[in-house]
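Letter by letter, the sequence shown follows residues -21 to -1, 1 to 326 of mature numbering (1 follows the signal peptide of the UniProt record, and there is no 0).
Any given hint could be a false lead.
[Stated by the list, open to error] Here are the simulated distance ranges between beta carbons:
1) P160 with M217: 24 to 32 angstroms
2) R124 with C155: 35 to 43 angstroms
3) G92 with S271: 24 to 32 angstroms
4) L264 with E221: 38 to 46 angstroms
5) S42 with M217: 43 to 51 angstroms
6) G206 with W88: 38 to 46 angstroms
7) E267 with T224: 18 to 26 angstroms
8) E158 with Y322: 39 to 47 angstroms
9) G92 with K53: 22 to 30 angstroms
10) T224 with R124: 37 to 45 angstroms
Since the hints were derived computationally from the structure, they do not count as laboratory data. Model, not experiment: these values are computed from the prediction. The beta carbon of each residue, even a glycine, is placed where N, CA and C say it ideally should be.
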Amino acid sequence: MGFFMYVMVLLLLCPIGSIQSGTGPDSVDDPGYDLDPHDDSDDLGLFDPFYDSNNPNNPTCQSPIPPYVLPIYKIDILLLQFAQNLEHMEADYFLWGALGYGLDVVAPWLAQGGPPPIGARKANLDKFTWSIIREFGFEEVGHLRVLKSTVGGIPRPLMDLSPNQFARVMNEALECALEPPFDPYRDSLSYMLASYLFPYVGLNGYVGANQLLRGYRSKRLLAGLEGVESGQDAIIRMYLYERATEIVHPYNFTVAYVTERISILRNRLGMCGPKDEGVIVPPELGAEANSSTNVLSANRDSLSYPRTPAEILRIVYGTGDEHVPGGFYPKGGNGKIARMYLYELYD
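From just these sequences and the hints, can you work out the full model?
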């Protein structure tokens, strides 16, 4: 049994060694490797019955490295660097809202020389909401750290997190000039309504990038990021759903109505059909066309909606045009993908 075990381990490790030494094919597109999705004999060594999964030192406690692929590809770098634009906005918005200071105090090296956000400030939060937002802020620091250490970082873009910017978005969503102007830092409910703007768009971006990533390390990173971003969005939506019928003071709109109007605005700016829904919907738009409760925004198969970088830029710029910066990013996003659209316009 000992010899057989040794042979099995050797066979499992051989493909890994060939990648690390650079002698094997570098992608599944290589004609020297024929993948047959119906070949039951090709399990890639992922489910070796001779390993005891109760042993914490067991190789099966970690996902094995798939053969014939690299850890990170160029397309992975571009997409995951683009995602840092949204992660920067979330990090500074949440940190400032909870603590009264942002990335420049908590982890200044992650800003990479980028300018501090415009108008960010501490929000007037109750203890329950404060604890959620504080956690979100530190989670975003972790996201930025792992993204930058894995694929390289981009400088923090200039971001406008001022009350005036949020007021402009709310006026456009509700199609009226709110008086007094909407201020996300006024109270807990206002802050959570403004938070409705962020993690969901980042989640859409990760879902859209998923099919394009090629490297196993990149995919593992995206899966981890996607899980936490979706969790943040779910908490925000549940918070608002519990208050769906409450009036947003000092205005005469319910929480559910505001979420619906924000989602309609994002769909209009994104220009790629309905990919956004409020926390209450007509039953035919809910899960299995049988639920008006819409704590999680999803398509007819209850899957998260994807969005492309161009869609995301159109939304966060607030211009409906990925070539024209504005909104939360007065000078546009950073990284090759975001700057590419600006070059197309100005070069």
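So, going through the hints one by one against the coordinates:
Between P160 and M217 the C-beta distance comes to about 27 angstroms, which sits within the given range of 24 to 32 angstroms. Here the CB-CB span from R124 to C155 is close to 41 angstroms, well matched to the stated 35 to 43 angstroms. Taken as a hint, the range 24 to 32 angstroms is violated for the pair G92 and S271, whose Cβ atoms sit roughly 48 angstroms apart. Under the hint 38 to 46 angstroms, the C-beta atoms of L264 and E221, about 20 angstroms apart, miss the expected range.
At about 30 angstroms, the CB distance of S42 to M217 disagrees with the hint of 43 to 51 angstroms. A hinted range of 38 to 46 angstroms for the beta carbons of G206 and W88 is inconsistent with their spacing of about 26 angstroms. Judged by the Cβ atoms, the range 18 to 26 angstroms given for E267 and T224 holds: they are separated by roughly 24 angstroms. Look at E158 against Y322: about 40 angstroms separates their beta carbons, and that is inside 39 to 47 angstroms.
The hinted window of 22 to 30 angstroms between G92 and K53 holds, with their beta carbons roughly 24 angstroms apart. Checked against the given bound of 37 to 45 angstroms, the beta carbons of T224 and R124, roughly 40 angstroms apart, stay inside it.
In summary, the structure is inconsistent with hints 3, 4, 5, 6 from the numbered list given earlier, while agreeing with the others.
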